[in-house]
Structures are given as C-alpha cells and as structure tokens.
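**Q** Given chain L's structure and the hints, the job is docking chain S onto it.
Chains L and S, in that order, are what the protein sequence lines are. Here my numbering is used: the first residue of the first sequence is 22, the next is one more, and so on. Here my numbering is used: the first residue of the second sequence is 19, the next is one more, and so on.
Don't read these hints as lab results, they were simulated from the structure.
Chain S side only, calculated, beta carbon under 10 Å to chain L, not exhaustive:
hint: 1; residue: Trp29
hint: 2; residue: Leu116
hint: 3; residue: Leu165
By construction, the Cβ of each residue, glycine as well, lies at the ideal position given by its N, Cα and C atoms.
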Amino acid sequence: MNVGIEHFLTVGALLFCLGLVVALSKRNAIGVLMGVELMLNAVNLTLITFSRFSVSEQPVTGHAFTVFVITVAAAEAAVALALAVSVYRNRQTVNVDQINLLKS
Amino acid sequence: MDGAGPTLAFWALSAVTLVAAGGVLVSRNLLHAVLFLILSFVGIAGFFLLLSAEFLAMAQVVIYVGAIAVLVLFAVLLTPAVGRDNGETRFIAPALLLSVALAAVFIFVIHDTTWNTVDEDPRATVESLGTALLGRWVLPFEIASVLLTAALVGAIMLVRSPEEEAEDGLA
Numbered sequence: 022m023n024v025g026i027e028h029f030l031t032v033g034a035l036l037f038c039l040g041l042v043v044a045l046s047k048r049n050a051i052g053v054l055m056g057v058e059l060m061l062n063a064v065n066l067t068l069i070t071f072s073r074f075s076v077s078e079q080p081v082t083g084h085a086f087t088v089f090v091i092t093v094a095a096a097e098a099a100v101a102l103a104l105a106v107s108v109y110r111n112r113q114t115v116n117v118d119q120i121n122l123l124k125s
Numbered sequence: 019m020d021g022a023g024p025t026l027a028f029w030a031l032s033a034v035t036l037v038a039a040g041g042v043l044v045s046r047n048l049l050h051a052v053l054f055l056i057l058s059f060v061g062i063a064g065f066f067l068l069l070s071a072e073f074l075a076m077a078q079v080v081i082y083v084g085a086i087a088v089l090v091l092f093a094v095l096l097t098p099a100v101g102r103d104n105g106e107t108r109f110i111a112p113a114l115l116l117s118v119a120l121a122a123v124f125i126f127v128i129h130d131t132t133w134n135t136v137d138e139d140p141r142a143t144v145e146s147l148g149t150a151l152l153g154r155w156v157l158p159f160e161i162a163s164v165l166l167t168a169a170l171v172g173a174i175m176l177v178r179s180p181e182e183e184a185e186d187g188l189a
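So here's chain L without its partners, still in its complex pose (with noise of 0.2 Å):
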C-alpha cells in the first residue's frame, strides 16, 4: 500500500481540527496560542504536499510560502507571548473567560 496526497492532506486536515479544537476551547491564554501554533503547521503539512505532488513549473514556491508562513508564526508568538505576560502582569490571570474588561 502507497502512500499519495490523500494521505498527507488527511494527516493534515486532522492537525488542522485538532488545534481548532484547543484554540477554541482552551481557557489559558498560552494554550489557544498553542492550537493556533498546531494549525499553522498543518497548513505548513498542506502546502508542502501540495509542492511535492502538484505539477508545476515552479516546484519551489510552495516552500517559498511555507517560509513566510514560519516567519509571521515566530512573529506571533513572540507578541502574543509578550501579552499574555503584560496581561498577567495587570490582571494576575491569562484566563481568556476572566479578561472581560470590554463587558458592561
């Protein structure tokens, strides 16, 4: 038995809903960024997939996107990391049901 493209995009297609599930459901802060990490690397799964199965005249540009997708998920953490600590600081919770400052 050969592994194809559905294997790989369905690996991916499961990352993918796993993180949903922990970034929606999480009540620590650090964990939704921790789903939203996860989903970022199943979209990462997905393209390169797509790179190495695809016909294409540029086999590279599916790499070249995976390297930008990298990029902005270190950016994002390092903020959301950094809010998570100045929140904790004022609020002494990264709880995300706790932060309603917004709610009358």
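**A** Showing chain S alone in chain L's frame:
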C-alpha cells in the same frame, strides 16, 4: 511514493504527530501540553523530510522546536499564579462539534477529488529556494524582515515593567 520505507515512515510519523496533538488537547498540566506540542513539531519536521523539503525540516526544528517552544515554556513559567491548569471553557462541546464536522468535510473532499499528481521528486533544492526567495519573492522577503523587527520591538515594549519605563522617562 513507493516502497516499504516511506510507507512505514509515514504511518509512524502520523501516529506520533496526531497522538502528540491529541496530548496537547487532553493533558491537564500546561507544561505537559507544551512538551506534547514540541513532539508534534518534531513529527511535522519528519514529514517535511519525507516530502523532500530538507531545508524546511531543518528550519522547523530550529524555529519551532528551538525558538517558539522555548518562548511558550518561558511564558508558562512567567505566569505562575495561574497554575498549570490546562482546562477548557464551556465552549469545548461546540468546538468539538465544529471540528468534527470540519474534519468530516475535509476528509470527504480529499478522498472524493481526483488529484492531478505526479509522483516524482520535484528536486526543490536549497539553492533553488534561496534563488526564489531573493529573486521572485524578494519583496515579501523584505516585508517579512520588517515585520520580524517590528514584532521584536513590540514584544520588548509590551513586557517592560513600569519601573523600567519610569527610569527611561518614556512613560
């Protein structure tokens, strides 16, 4: 992708990656969740190797496993009073429902489509990737570097304590 080697590698890597991602979801301790996340990143790096993206596999290990995971660990350790609770809010049921429905749609589409694929190694080498990044994609590349600098400065500004700001006379 023929042969027993790639097939075996694929199933082993999928098991490691998906079980580790499930561990992020179910583990009660936030530190354990971070360790599961790292294992999942390593599994993705293995997938990149399997798909002949050697440079990205290395970048994945260096950036995700090396930098982002350490950053997440630091953030966990810098917010001690929260405890190590990795619990869910009351949105867990709708989130699970949405996710299972989305997974069903994805898997249906993936297996229902006739993919126009080739199964030969496209030989996307590090050299061609570097040429593409500094040739065709040079503008996004420069914008990404500006974004990284801005994010770095922003992160430093966000975590400065009020005392430090008062010292600098910037507050």
